[in-house]
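So the protein sequences, as listed, match chains A and B.
First residue of the first sequence? That's 1 in this note's numbering, and the numbers climb one at a time after it.
First residue of the second sequence? That's 1 in this note's numbering, and the numbers climb one at a time after it.
To be clear, the hints were calculated from the coordinates, so they are not data collected in a lab.
Wrong hints could be hidden among the right ones.
Said to hold, decoys possible - In silico BS3-like pairs for lysine-lysine, Cα to Cα no more than 27 Å straight-line: (1) B:Lys283 x A:Lys12; (2) B:Lys242 x B:Lys255; (3) A:Lys103 x B:Lys427; (4) A:Lys149 x B:Lys73; (5) B:Lys347 x A:Lys148; (6) B:Lys27 x A:Lys149; (7) A:Lys102 x B:Lys427; (8) B:Lys290 x A:Lys149; (9) A:Lys149 x B:Lys375; (10) A:Lys148 x B:Lys73; (11) B:Lys347 x B:Lys333; (12) B:Lys283 x A:Lys52.
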Amino acid sequence: MNNSILSPESLKIVNHCIAGHQSMPGALLPLLHAIQDNIGYVPESAYPLISKALSLSVAEVHGVVTFYHHFRTHQPGRHILQICRAESCQAMGSEALETHIKKRLGVEFHETTPDGAFTLEPIYCLGNCACSPSVMIDEEVYGRVDNKKIDQLISNLKNAS
Amino acid sequence: MSIKIFVPIDSTALSLGANEVANAISKEAKAKKLDIQINRNSSRGLFWLETLVEVETPQGRIGFGPINPSDVKSLFDADFINGGKHPLALGVVADIDWLKKQERLTFARMGITEPTNIDQYTAYDGFQGLKNALNLKPEAIVETVTASGLRGRGGAAFPTGIKWKTVLDTKATQKYIVCNADEGDSGTYSDRMIMEGDPFVLIEGMIIAGLAVGATQGYIYLRSEYPHALKTLNEAIHQATKAGYLGEDILKSGKVFHLEVRRAAGAYICGEETSLLESLEGKRGLVRFKPPLPAIEGLFGKPTVVNNVISLATVPIILAKGAKYYQDFGMGKSRGTLPIQLAGNLKRTGLVEKAFGITLRELLYDFGGGSLSGKPIKAVQVGGPLGAYLPESQFDTPLDYEKFSEIWAVLGHGGIVAFDETVNMAKMARYAFDFCAIESCGKCTPCRIGSTRGVEVIDHIMQGHDIKKHVALIRDLSDTMLNGSLCALGGMTPFPVLSALNHFPKDFGVDAKEPKA
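Bound-form chain B, shown alone:
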């Protein structure tokens, strides 16, 4: 029997040469007349070890990494397919501490299965949640999701079940499920990993959402920066349709659900749900006034569930194992797990799925291993470009929506970007305004004009022009943007700006002793 070798097909692995590694393995095995079979699995999310090559053995899958194409010859010389010793050998992958310490619920299959192999998905508990849901009344599905405590993982943290209840209770001839896959936050890639690595779990979650609220059509609004995810999702939808999970008669239940991927076009603002809906309708992505809520008047004016990829991909395990199972994880009002993405200047970057409650320090040092550069970590930005910068003194904050809110920060979509001491925080504050100016939809004045004025004022500060006056101006402008913007883009740009100013005043040329306004 041929020996099974696994080389990930995730785009981060590809960005480090996974295809070249797979080709080199195949070539070397051929030359040596070895009977091997290369499987292209999803990534475990241990990105500092990519390309992570695994070999199936009676003891389990053993790993080697990080492997460059030039390492492949030495792997064969060490007889790695029979468990030979090699400097890059990692032992049984499932036993690697970094992975073992996690609580992988949403990411249970990540790194194990082949993304578009529906039989493997089913063999690893796939579609169990859907099968349970098909035996439940819509109200009972919604009740299960509500009881699980799941909150929107896109960033807003609104209770998913309550959103679904509103759509369920709104009478209409047509309802929609829209998956927000416009993952634009820097430092985040969990949505991409799901879509490229375990697309069926998202499809299953969307079908369940459809059954729960009475929607028969779903759209995945996918950012154009993810071409691999597009191919994988389309292939998975094709497979799921062929196998009877999607279409006019889901598993012969008489229930209907159709699903289509729509490509976004590079506008960050379209991650805002109403702007996303405008874009899906074929318009400029201008933010809508709320009310009406999308749950009542959403896509094409019909009741619409708009959920993030991770929220929807978490629904199957809740329906499979029950609300209690899921809500037993976590702390306070933050129930379940959060797929945390470690990024920026860290030694061990990657996907850490943990119950809420873990501290930033544990993530940065125990998992992240400190900075890659070896210099002290000066600041971390949590929650994307609209998230606050946190200094070392706040690293003991547990990951919990409310605890973060107490220190005027956000968890957002769970991205953590670390910066070492070489970062200039005035420059990062300037970037926050600049990004807002580039991405503003232009509908409201505080965001459209405020962002541009913000860049100008910070330029004055950085050039040392009348710093005191301009710092006061930044605070005043931030107040206007916070309170006067139509959506989170303008409304939250002050988070990175003011947190940088408050925690790192020296970078702005301000005396640390000056009272915070």
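One chain only, chain A, in its complex shape:
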């Protein structure tokens, strides 16, 4: 496990999140969401603080973080690009799209581009199955995505950041 120390800024955020969620019933998931929303990931060095506040063992916190696909323990790229791999998108050519995107970004799933612009992740259904194939970039879904459309989206975001 990564034992690095939380930066003073992150420590402040984690403590603030803990204070806001500690008394909720079943607080762990909402607390982890709050931390990830604010820091971008759940630092492993925050586990002892979380476990103490919620009377859990560090192992239990680690177990929960790693069980759920949504939580990550490292800083992602500036944008998270998720490609839907589920059946409806497969029926509309998502596999070819996936190959194109991986080539275009030069990364595999769960990897971040060297310039730190994109982290590529698979996702299983975005509920946009009427307009497959779909991708999600940060919190926005895009439907009927083809190579041209994704290239445009990637270029726009690269130029913006």
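Mind docking chain B on chain A? Use the hints.
Structure of chain B alone, referenced to chain A:
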């Protein structure tokens, strides 16, 4: 008076550029000094026509679609706000055949109202069911839901009223209503549409459920992939609380109901009800043994109703119009309507709410218009990633829980994904095992290990290694998973696998004449 224009705010419409369309309309109207008002309505669910722009006229709301931002200028050039002719004009939207042929009960307001406008919700019959329920004893509410014949729309199809009765009859200091909004099945989006498009109907259904069983706290367990639904639900809960429908004294009746949205975190297994409860309690989403049933020992060990979004969102109309009204729709033991979601390779995808009994063929061709690619439809998967693949010879099966069960298939949550002839069904069977391996909670061996072994065995088949032996192995493994898994994930993965193998043996390199084991 300004002219009312409607541009949907549903996330599928947004995924096709609805915000850009709305901005372009607003900009163009400003430049032309036209007095218009843009309303952001929910989507009608005619997704092949999104972005569907509507204009209010004395004849009704007339539609134009599908509109891209680049089409907006031509709309104004054609004077669309005064009913001018345009190649993308659709006439009065409510008269479009695709919509007219539906029976929209749960989705009655869809596409018409603005999602978080509580006055519009009330004006379109909202909260009528709740008002009736407040005058009924809990037993009478439960009896109405039971008599309606409503069965769980998440997929398991368990009678909703019977579940509620168990919770009502279990004595406890605290009970809960949990809404399963972890809609993870590929090809489904009806829950999302309700939560983004008509959130008050879900809230109303949950309040009624609370009154029926004596629960004062509700949770909506919402998948993290739906950020728009999260915002809409929170805003709607805020509005409903302000208006006195939620809180310590519902419409001054002295009754209490609080509601909170909890975000899931991307685990498909948490759509299984006991795993969902573990997750709500802040734990890993491991499936629980049953018994005890959640209705007796559910969230935090208390009696809990766990219902799908559509089940709960259907309760208000049942309470408003009566059990008989609802159960007059449908066939056999499948009463009422099913919001069917057309997805994958189809020309006209979208939400079709119909009484049970419509056939797959009518849905795929009359509504769906056949494949988008123009190639023949080879297979359809009904009911999500754990649903069977059906070949053309089964397209005349009516949508009915029992009829589907007879052909070893499931309706599930009503998602229909069409594939054209380019699909390789051995690959889809491999994907089914792979998905199970990725999403398994790991508690039981058949699911945890079986899924991984399944991928390996299908790889052998696809590479042509001793096909006969490996096909026999797949059947044996499927038997173990079917009978030995703790929940539906491992227990139903054999549905897509074996249906692909039985109906499309050639894709596995198997002679079609070989007897099915």
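Status of each hint after checking the structure:
no.: 1; hint: B:Lys283 x A:Lys12; in the structure: holds (25 Å)
no.: 2; hint: B:Lys242 x B:Lys255; in the structure: holds (16 Å)
no.: 3; hint: A:Lys103 x B:Lys427; in the structure: holds (22 Å)
no.: 4; hint: A:Lys149 x B:Lys73; in the structure: holds (22 Å)
no.: 5; hint: B:Lys347 x A:Lys148; in the structure: holds (21 Å)
no.: 6; hint: B:Lys27 x A:Lys149; in the structure: holds (24 Å)
no.: 7; hint: A:Lys102 x B:Lys427; in the structure: holds (21 Å)
no.: 8; hint: B:Lys290 x A:Lys149; in the structure: violated (48 Å)
no.: 9; hint: A:Lys149 x B:Lys375; in the structure: holds (24 Å)
no.: 10; hint: A:Lys148 x B:Lys73; in the structure: holds (24 Å)
no.: 11; hint: B:Lys347 x B:Lys333; in the structure: violated (32 Å)
no.: 12; hint: B:Lys283 x A:Lys52; in the structure: holds (16 Å)
Hints 8 and 11, counting from the list given before, are not met by this structure.
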